[in-house]
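Engineer: Can you build the whole structure from these sequences, using the hints too?
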Amino acid sequence: MMGALRRAGLLAPSVLTIGVLLILPLGLMAFVSTLERGPTGGVIWNQHTADAYVQFLFERDLTDRLVINTDYLHIFGRSIVVAAITTAVTLAVAFPMALWMAFQPPRRRLLLVFIVTVPFWTNILVRNYAWILLLRNDGVIDWVLARLGLTGEHINVLYTPLATTIGLTYSFLPYMVLPIYVSLEKLDRRLIEAAFDLGANRWHAFRRVILPLSMPGVVGGAILVFVPGLGAFISPELLGGAKSMMIGSLIQQQFGQSRNWPFGAALSFVLLVLVLMALAAHAARYRRKEARP
Amino acid sequence: MSAPQPMPRHLEVARIAAMKPDIAAAPGAAVRTATIAVDCRNITKTFGAGAVRALDGVSLAIRSNEFFTLLGPSGCGKTTLLRLIAGFETQDSGTILLDGKPLDGLPPYRRPVNTVFQSYAVFPHLTVAENVAFGLEMQRRPRAEIASRVKEMLALVKLEGLESRKPAQLSGGQQQRVALARALANKPRVLLLDEPLSALDLKLRTEMQLELKRLQHEVGITFVFVTHDQHEALTMSDRIAVMRAGHVLQVGTPEEIYEHPTARFVADFIGETNLLDATRIGTARYRLASGVEIETAEPGPPEASVTLVIRPERALLAPVGGSALSARVEQVVYVGSDTIYLVVLEGGLRFRVREQNRDGPRSRVRAGDPVGIVMPPAAIRVLAQ
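Residue numbers (our numbering), protein chains in the order written: chain A, 1 to 293; chain B, 1 to 385.
Hints were generated in silico from the structure; no laboratory data involved. Any given hint could turn out to be false.
[Said to hold, decoys possible] FRET-style restraints, in silico, Cβ to Cβ:
no.	chain 1	residue 1	chain 2	residue 2	range
1	A	Gly77	B	Gly48	54 to 60 Å
2	B	Arg189	A	Val219	38 to 44 Å
3	A	Ala92	B	Gln169	32 to 38 Å
4	A	Leu211	B	Val335	53 to 59 Å
5	A	Gly77	B	Arg165	40 to 46 Å
6	A	Trp100	B	Gln139	27 to 33 Å
7	B	Ala61	A	Ala88	53 to 59 Å
8	B	Gly75	A	Tyr129	56 to 62 Å
9	B	Ser119	A	Ala88	32 to 38 Å
10	B	Gln169	A	His48	51 to 57 Å
11	A	Leu211	B	Gln139	17 to 23 Å
Yeah, the Cβ is synthetic: ideal placement off N, Cα and C, and Gly gets one too.
Structural biologist: Dropping the structure here:
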């Protein structure tokens with residue numbers, strides 16, 4: 001009896017934290033997504049409808065019939081592609097960086113870790129505005145490339161998905177570098193020596209020993225970049241422009257200008273389910289691989 | 001071999017050294033005519049911008065198919081020398097030849113040597129079979145050959161049936177065997193072993209010592225074994241190089257090293273020893289600081305000041321008087337198979353006598369008793385100081 005009470009008391013802080021900060025908001029969001037939108041924004045709390053989810057896939061034509069509308073699916077698709085490309089590019093930049101860092105003398109390693117985290121110290125908005133200055137026509141990069149005679153007129157990068165990818169890659173780089181660095185740093189150097197000793201050249205030592213043993217870091221980093229990348233809002237908004245809208249901007253719009261809370265909530269919920277499904281698929285694959293005799 | 005109590009180490013050392021000529025006679029004879037496998041010539045290696053001199057002009061010739069041990073305290077340079085042979089480090093000066101061909105500049109993966117690491121360094125993400133196959137795959141051997149070679153190697157180290165286990169599912173001893181099988185699979189010219197047994201417990205270590213010796217005999221590969229354990233070195237080696245502070249002090253068979261140390265450090269490091277400072281007063285005659293005169297069988301070096309070396313088991317207790325040196329017993333230590341007498345010689349020199357309890361325990365001598373000490377001239381080595 002006392003034991004049960006004690007257990008409840010000790011569990012209470014974590015239950016409250018998870019409940020109030022996680023379950024409750026998510027439940028509220030799911031609930032809102034099933035409500036009727038209010039005439040001037042907000043929701044009507046006692047009127048349920050599936051309109052928000054219908055709106056995701058269909059629109060009403062002039063005769064008030066439901067016809068399929070793929071606009072939102074396109075935005076989702078574009079977001080997934082941009083997030084995936086961002087993840088791939090981030091990985092391509094981060095892995096060599098992490099590898100190089102992990103093989104520095106210990107004191108310099110600490111300094112490098114600190115340097116990698118320095119961008120966190122400035123506002124993300126400021127950093128994205130800085131990219132506008134760099135990427136816009138007549139901006140620094142455009143000017144330099146033109147001077148070198150490498151581009152004809154202008155680079156025309158700003159307000160394209162490429163600019164979004166550049167901005168996201170830059171923003172998320174530390175999230176990829178740090179997990180990979182950690183897994184490489186704790187990798188036993190003797191394993192690499194053993195690979196060399198057994199006749200592996202540099203490439204084979206990397207491919208057969210270093211890369212497989214740093215996979216947990218790679219997977220962790222990929223999740224940390226892909227998931228927020230999917231819902232990213234600031235970089236697509238500032239650098240991507242209207243033609244390359246992503247989920248994050250779309251959701252923000254529903255709660256802002258469009259005053260359509262149920263639809264915004266529904267979009268968030270679909271995004272959440274997609275992400276959870278992707279994570280579950282990965283976890284299942286990982287478990288199968290581990291269970292393999 | 002199954003003594004009810006573990007034998008005291010120093011006694012064990014003496015016993016093995018005494019046994020060695022019989023068991024090592026045959027391979028010893030074969031080794032004498034063998035060719036040189038690894039030839040280290042005047043190797044120097046410093047670390048940290050010359051601050052630490054790990055190896056200082058080391059020259060060593062390791063013969064084909066011998067079990068060669070680099071023995072010394074930590075920091076003596078033995079592991080550095082091994083890593084130079086493997087190619088993990090580069091010497092500042094000097095040359096290493098393998099079968100007469102210089103290894104200089106060759107990366108580790110181009111050298112026909114393989115290493116068994118102190119911490120095993122078994123690949124944790126690969127199964128036992130994949131670990132053993134690693135080197136063969138790197139050499140792009142045909143699949144069928146790899147499979148049969150892996151099988152053969154696992155049989156050699158007695159790990160059949162564990163092919164698909166991951167290293168985390170193995171005991172330390174089993175991981176050690178995987179590391180051995182993996183290194184031997186490539187049929188290296190030389191197998192380098194960097195204190196491979198130090199992480200194992202005593203019983204397993206003793207087992208693996210015999211196992212390694214058997215393996216070496218079976219595969220007929222030159223083994224270069226690094227250890228700080230003199231007992232291990234005496235048990236397993238055909239020849240031993242005793243190292244200290246970047247220098248090789250003595251190279252010889254276990255018997256030579258134990259019976260005829262050429263340096264004070266070697267005599268002290270291997271087994272128990274009495275070291276007595278003396279001055280030369282004639283041919284094979286020396287005087288201790290206390291004035292006591294001692295006769296030796298060997299003439300000794302020409303220097304005036306020398307160190308006399310005598311093993312505790314070679315000195316004898318005797319009745320007081322006659323030619324025996326007079327001493328007083330300070331402590332009697334019964335260690336099961338032996339009794340150790342710590343005595344003080346005239347002039348205050350401490351001395352140690354070890355007597356085997358051949359006829360069961362007896363304590364004819366007690367602490368405080370006066371006693372005579374006999375040092376047979378043939379048992380005394382004379383070293384220049």
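Engineer: Please go over all the hints and tell whether each is borne out by the structure.
Structural biologist: Evaluation of the provided hints:
At roughly 57 Å, the beta-carbon separation of glycine 77 of chain A and glycine 48 of chain B lies within the given 54 to 60 Å, and the hint holds. The supplied range of 38 to 44 Å is met by arginine 189 of chain B and valine 219 of chain A, whose beta-carbon atoms lie about 41 Å from each other. For the pair alanine 92 of chain A and glutamine 169 of chain B, the beta carbons lie near 35 Å from each other, so the given range of 32 to 38 Å is met. At about 55 Å, the CB distance of leucine 211 of chain A to valine 335 of chain B agrees with the hint of 53 to 59 Å.
A hinted range of 40 to 46 Å for the beta carbons of glycine 77 of chain A and arginine 165 of chain B is consistent with their spacing of about 45 Å. Against the hinted window of 27 to 33 Å, the Cβ-Cβ separation of tryptophan 100 of chain A and glutamine 139 of chain B comes to about 30 Å, which satisfies the hint. Between alanine 61 of chain B and alanine 88 of chain A, the C-beta spacing of about 55 Å keeps the proposed range 53 to 59 Å intact. For glycine 75 of chain B paired with tyrosine 129 of chain A, a C-beta distance near 58 Å keeps the hint of 56 to 62 Å intact.
Checked against the given bound of 32 to 38 Å, the beta carbons of serine 119 of chain B and alanine 88 of chain A, roughly 36 Å apart, stay inside it. The hinted range of 51 to 57 Å is satisfied by glutamine 169 of chain B and histidine 48 of chain A, whose Cβ atoms lie roughly 55 Å apart. At roughly 21 Å, the beta-carbon separation of leucine 211 of chain A and glutamine 139 of chain B lies within the given 17 to 23 Å, and the hint holds.
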